[in-house]
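Line by line, the protein sequences are chains C and B. Residue 44 in full-length UniProt numbering sits at position 44 of the first sequence, and the numbers go up by one each step. Residue 110 in full-length UniProt numbering sits at position 110 of the second sequence, and the numbers go up by one each step.
Errors might be hidden in some of the hints.
Here are the computed distance ranges between Cβ atoms for each label pair [unchecked claim]:
1) B/93 - C/121: 21 to 31 Å
2) C/27 - B/7: 30 to 40 Å
3) B/55 - C/47: 17 to 27 Å
4) B/109 - C/114: 32 to 42 Å
5) C/46 - B/3: 39 to 49 Å
6) C/27 - B/123: 25 to 35 Å
7) B/11 - C/82: 19 to 29 Å
8) C/27 - B/118: 34 to 44 Å
9) C/91 - B/127: 38 to 48 Å
10) C/121 - B/3: 14 to 24 Å
11) C/119 - B/57: 39 to 49 Å
12) B/89 - C/2: 35 to 45 Å
Quick caveat, the hints were computed from the structure, so don't treat them as lab data. Virtual Cβ for every residue (Gly too), placed ideally from N, Cα, C.
2 protein chains.
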Amino acid sequence: MSTHWLSKINWSEDGLVPVITQEAGSGKILMFAWMNREAIKLTVEMGQAIYWSRTRKKLWHKGEESGHVQKIKEIYLDCDEDVLLLTVEQVGGIACHTGRYSCFFNKLENDQWMIIAPVLKDPKSIYNK
Amino acid sequence: MSTHWLSKINWSEDGLVPVITQEAGSGKILMFAWMNREAIKLTVEMGQAIYWSRTRKKLWHKGEESGHVQKIKEIYLDCDEDVLLLTVEQVGGIACHTGRYSCFFNKLENDQWMIIAPVLKDPKSIYNK
Numbered sequence: 001m002s003t004h005w006l007s008k009i010n011w012s013e014d015g016l017v018p019v020i021t022q023e024a025g026s027g028k029i030l031m032f033a034w035m036n037r038e039a040i041k042l043t044v045e046m047g048q049a050i051y052w053s054r055t056r057k058k059l060w061h062k063g064e065e066s067g068h069v070q071k072i073k074e075i076y077l078d079c080d081e082d083v084l085l086l087t088v089e090q091v092g093g094i095a096c097h098t099g100r101y102s103c104f105f106n107k108l109e110n111d112q113w114m115i116i117a118p119v120l121k122d123p124k125s126i127y128n129k
Numbered sequence: 001m002s003t004h005w006l007s008k009i010n011w012s013e014d015g016l017v018p019v020i021t022q023e024a025g026s027g028k029i030l031m032f033a034w035m036n037r038e039a040i041k042l043t044v045e046m047g048q049a050i051y052w053s054r055t056r057k058k059l060w061h062k063g064e065e066s067g068h069v070q071k072i073k074e075i076y077l078d079c080d081e082d083v084l085l086l087t088v089e090q091v092g093g094i095a096c097h098t099g100r101y102s103c104f105f106n107k108l109e110n111d112q113w114m115i116i117a118p119v120l121k122d123p124k125s126i127y128n129k
């Protein structure tokens, strides 16, 4: 695989870029995360989303434990070449570690954050198999 | 206006949060930027997107020069309470400083970034009024 395309990405000082993950078809935003050079390279090679976990400081194959992997459909880079957008097929229909469809479930309504999406699966049953 | 909702946001060490801006209705991702506390407060008060420009180190009322303001429809916060998602009406149908509909116009195809969206308006005519 040619990796010339990797050189076009403007990595931040800490070697990361922000990543927006959108569901192909519905256009819904599923989550937001980070990637380093190795993560996006593996993502392209495997066809599944592999992020960089800033808290755990290691590569994070999304769904490796839960089975909720994200199959890559398209990859975009923005005008400043420092933000990635993935469109994916979300296996299991759950992207969030809380057991929800999307991570963006707090909606601002009348100066309050309202939870507007249900937990589809108990996180305990997702992660303690 | 109650500002209790502002306290729920987990600001980074530099006082910012990433912001994803999505077109209401179409679901298309228009851009990615940053906000500080003042920016999101003003955004809610004015009903238009006001970001924090990290390069210019000042508040940035999107469209103040071009007229391409973003009218806020909905505001979401993610599960970790450290990423915002705006759904907006993009006035003028141009979000990108290159004169394109969206900032995400580089698509990875066969290990190459391909420009997949046309320039709708010459940036010179957008900014040198």
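Checked hints:
{"no.": "1", "hint": "B/93 - C/121: 21 to 31 Å", "verdict": "violated (39 Å)"}
{"no.": "2", "hint": "C/27 - B/7: 30 to 40 Å", "verdict": "holds (31 Å)"}
{"no.": "3", "hint": "B/55 - C/47: 17 to 27 Å", "verdict": "violated (35 Å)"}
{"no.": "4", "hint": "B/109 - C/114: 32 to 42 Å", "verdict": "holds (40 Å)"}
{"no.": "5", "hint": "C/46 - B/3: 39 to 49 Å", "verdict": "holds (44 Å)"}
{"no.": "6", "hint": "C/27 - B/123: 25 to 35 Å", "verdict": "holds (27 Å)"}
{"no.": "7", "hint": "B/11 - C/82: 19 to 29 Å", "verdict": "holds (21 Å)"}
{"no.": "8", "hint": "C/27 - B/118: 34 to 44 Å", "verdict": "violated (21 Å)"}
{"no.": "9", "hint": "C/91 - B/127: 38 to 48 Å", "verdict": "holds (44 Å)"}
{"no.": "10", "hint": "C/121 - B/3: 14 to 24 Å", "verdict": "violated (35 Å)"}
{"no.": "11", "hint": "C/119 - B/57: 39 to 49 Å", "verdict": "holds (40 Å)"}
{"no.": "12", "hint": "B/89 - C/2: 35 to 45 Å", "verdict": "holds (40 Å)"}
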